[in-house]
Each structure stands twice: as structure tokens, then as C-alpha cells.
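Could you build all of it, start to finish, from the sequences and the hints given here?
For the record, the sequence lines run as chains S and W. Note that the first sequence ends on residue 265 in our numbering; no numbers are left out. Note that the second sequence ends on residue 118 in our numbering; no numbers are left out.
There's no promise every hint is true.
[What the hints assert, rightly or not] Once the Cα atoms are required to be at most 25 Å apart in a straight line, the calculated SDA-like pairs of lysine to any residue come out as:
(1) K105(W) to G232(S)
(2) K39(W) to F264(S)
(3) K50(W) to V97(W)
(4) K39(W) to G214(S)
(5) K258(S) to K116(W)
(6) K96(S) to F130(S)
(7) K83(S) to V97(W)
(8) K259(S) to R6(W)
(9) K83(S) to A145(S)
(10) K45(W) to R6(W)
(11) K39(W) to I217(S)
(12) K105(W) to N197(S)
(13) K39(W) to Q225(S)
(14) K164(S) to F130(S)
(15) K259(S) to L10(W)
(16) K39(W) to A102(W)
(17) K255(S) to I117(W)
[Stated by the list, open to error] Here are some of the chain S residues that sit facing chain W, going by a computed Cβ distance under 8 Å:
(18) E199
(19) H202
(20) E213
(21) V215
(22) F221
(23) T234
(24) S235
In short, the hints are calculated from the structure, not lab data. Note that CB positions come from ideal geometry on N, CA and C, so glycine has one too.
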Amino acid sequence: MLLNKDGDQEWIGHLNRYGDSLKIISFPQISNVLGTVNPTADIIESAHRWGVIAVMDAAQSVPHAEIDVQGLDVDFMVFSGHKMLGPTGIGVVYGKKELLEKMEPYQVGGEMIREVSYDSATWHDLPWKFEAGTPNIAGAIGLGAAIDYLQAIGMEQIWQHEAKLTRYALDELVQIDGVTVYGPADAAYRSGVISFNVEEVHAHDVASILDEEGVAIRSGFHCAQPLIERMGLTSTARASFYLYNDDADVEALIKGIKKVQKVFR
Amino acid sequence: MADIYRQHILDRYHTPQFRGALNDASLEASEANPLCGDKVSMQLKLENDKIVTVAWCGEGCAVSLAAADILSEAVVGMTIEQAKSVTSDKMIALLGVDFGPARWKCATLALMALHKIE
Chain S
1 MLLNKDGDQE WIGHLNRYGD SLKIISFPQI SNVLGTVNPT ADIIESAHRW
51 GVIAVMDAAQ SVPHAEIDVQ GLDVDFMVFS GHKMLGPTGI GVVYGKKELL
101 EKMEPYQVGG EMIREVSYDS ATWHDLPWKF EAGTPNIAGA IGLGAAIDYL
151 QAIGMEQIWQ HEAKLTRYAL DELVQIDGVT VYGPADAAYR SGVISFNVEE
201 VHAHDVASIL DEEGVAIRSG FHCAQPLIER MGLTSTARAS FYLYNDDADV
251 EALIKGIKKV QKVFR
Chain W
1 MADIYRQHIL DRYHTPQFRG ALNDASLEAS EANPLCGDKV SMQLKLENDK
51 IVTVAWCGEG CAVSLAAADI LSEAVVGMTI EQAKSVTSDK MIALLGVDFG
101 PARWKCATLA LMALHKIE
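Shown next as C-alpha cells:
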């Protein structure tokens, strides 16, 4: 995975350089570290031009925006329940039917077989072929309820709400001396995730002090150590917004960062 | 969560007394927390089985680096066995701050490096 000078992620450049030797490209629709909204339609089109299967991590996008899976023509897409107000332990794997039909089960057990003899077995149809054993029934019902809840509010409304908060937070953050914000400068290419650092203060210390002020953020590598190291950093602090946040939360974040600077002055 | 950024912790972070490197270290070991990227190395110089000089280096949060400095001071004069018998609870007591579970690993990172010394 490559980065251009803006910290943007150059998936298409990567495809054009290595397309010949690639079989699968896996990319996030939205970066969980930088908040970058990747040009997914272009990435998928470019992948298909090279005969590469496109696998999209939508865990950061499906909870926040309306995603047109067929329109994107993506081959596989995955997301998790717990990032969209649903329970842990359940997620979704979408795959094009013709690809799923070609694939062998990765797990065997109840419900995924059609016929079993001493020396052979045949598999059930999709989707049962990939759902061996007792399913996570409670998880599926919980995720269904979360999806209904989000759709009743409206994904476009959620996206607009987060975009407004992100713009507000970015405008405030760049005004604080000693705060560096990472990711695209243009809010139009960002989702509701803002990675930042406070000069001379480690991200864990930023997170601890904000925690005391009632502001929950994440700090560290964000499960993306190569990216953080590629950026020449050891960690970042990361604030993120969802439908339940409002302007007062942004104000608490800004106030908390000023407290961090005061403690470490 | 208790206020972990007491003045003595911040003082140790901003102006550590044992940060550096020894040219003539008798023993050394490092420990890292891969989850957060913090790294601390401890170097010890022994004379007559006693620790006479300590230096540490590394990068990380205020808690892990202040803890390295406070631990360095505490083990001067100890034998290596005594130093390695310092427990995590004793380390927290040395820091004098009630660290919650979220920062426990930061507070004991230097101690874990010390425990690895053979």
C-alpha cells in the first residue's frame, strides 16, 4: 500500500504498477486511520481491467453511508456489526454469486452439507455452504435491528450529520498551535475520523487526559502499524464521530486538547 | 480514573535523570508493547554484584518513560536478583499513582525489560 505526499492512499497507482502479478486487491472504502474516502469505484474498475478480484473492507463505510454494492460492482465486501450499533461477534461477507459458487467451504459442520457418505460429501447451496454449525442467531437478530434502526434514520442523514461535525472539528483543530492533523486537508475526501497529534505529547497521554475529561478517543497504531510507521510516526490520537455525537462533543474535544497542552506545558 | 499526571510523573518525563546509554554496561534488556509501540531498554553496570549505574532509553508515553526513570533510581544499590524481584505491585507503589488497567502496561514496561535480564 502506497502513500502519496498528502497521506492519501494510492491504490490505483499500486494496481497499475503491479496489476500483472496481482490476483486479489483488498482495500478499505474508508481508512480507519486517516478517514480518507478512497476512490472505490475507480479502484474496482481498475482492478477489473487487470483481472484482479476486488475485496472491499466496508466496516468503516457501511455504518455511516449508503453503499450501492451492485453499482460499485465490487466482487467481495465485508463489514462488522459492532461498528454499526449492532452486537459483537457478527458481520457480513458479501460476494458475487458466481465467485462464491466456485469456492470451497473453509469450515465444515451442520447445515453446510447436502449428502455425506464414508468417502465423499456434497455441499449445500449458497449461503448455507459457508455457514457451518449453529448460527449466531441472537447476533443476526441484533444486527438486523441495528440495520433497521439506522435505515429508519436514513444513511444520507447520518453521513451529512457526521460531515458537519467533522468540518467543525477540523476547523477548530487547525486553529490550535501545536496540533497536527493527518489525512486529506479537504473535508470532502474525509469521513468522520480525525487522526491527530499534540506536539511533545504521546498519543496515549492525550487519550488518558481526554478520558478524564469525559472524551473517549483511540490512540496508538489503530491496527495499522505499517501505515503509522510509513508516515514516520509512532502513534496518533484519533477522534471519531457517529450519529449520537453533537457540537458539544466537538467542543469538549477541543477543550480537552487544551487541557492536555496545559498539563504537559 | 485517578489523575495519573501528577507533578512528579511529569517532572520525570520532561527531565529524566537516568535517560541515556552506558558504554560499559554489564547487562541490558529491552521490552516493547507491540499494541502501542512503546519501547524501553534498560542498561545496568554492576560492581561487586551490585548495580552501580543504570541508564534507559526508549520511546513512549509519559507514563512508560517516567516509570523507566523512577525504576532506574530505585534499583541502584540492589543486586540483580533484588532488582528482578521487584514486582508489578511494587512498581506501581514506586510511582505513587493508582494507574487503571488501561495504563498498567505502560507503568510496568521498564520493569518487564528488567525482568528479562539474564
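Going down the list of hints, with the structure as the test:
no. : hint               : in the structure
1   : K105(W) to G232(S) : 24 Å, holds
2   : K39(W) to F264(S)  : 21 Å, holds
3   : K50(W) to V97(W)   : 28 Å, violated
4   : K39(W) to G214(S)  : 28 Å, violated
5   : K258(S) to K116(W) : 39 Å, violated
6   : K96(S) to F130(S)  : 14 Å, holds
7   : K83(S) to V97(W)   : 34 Å, violated
8   : K259(S) to R6(W)   : 14 Å, holds
9   : K83(S) to A145(S)  : 14 Å, holds
10  : K45(W) to R6(W)    : 30 Å, violated
11  : K39(W) to I217(S)  : 22 Å, holds
12  : K105(W) to N197(S) : 21 Å, holds
13  : K39(W) to Q225(S)  : 14 Å, holds
14  : K164(S) to F130(S) : 40 Å, violated
15  : K259(S) to L10(W)  : 14 Å, holds
16  : K39(W) to A102(W)  : 17 Å, holds
17  : K255(S) to I117(W) : 43 Å, violated
18  : E199               : 14 Å, violated
19  : H202               : 4 Å, holds
20  : E213               : 10 Å, violated
21  : V215               : 12 Å, violated
22  : F221               : 6 Å, holds
23  : T234               : 5 Å, holds
24  : S235               : 5 Å, holds
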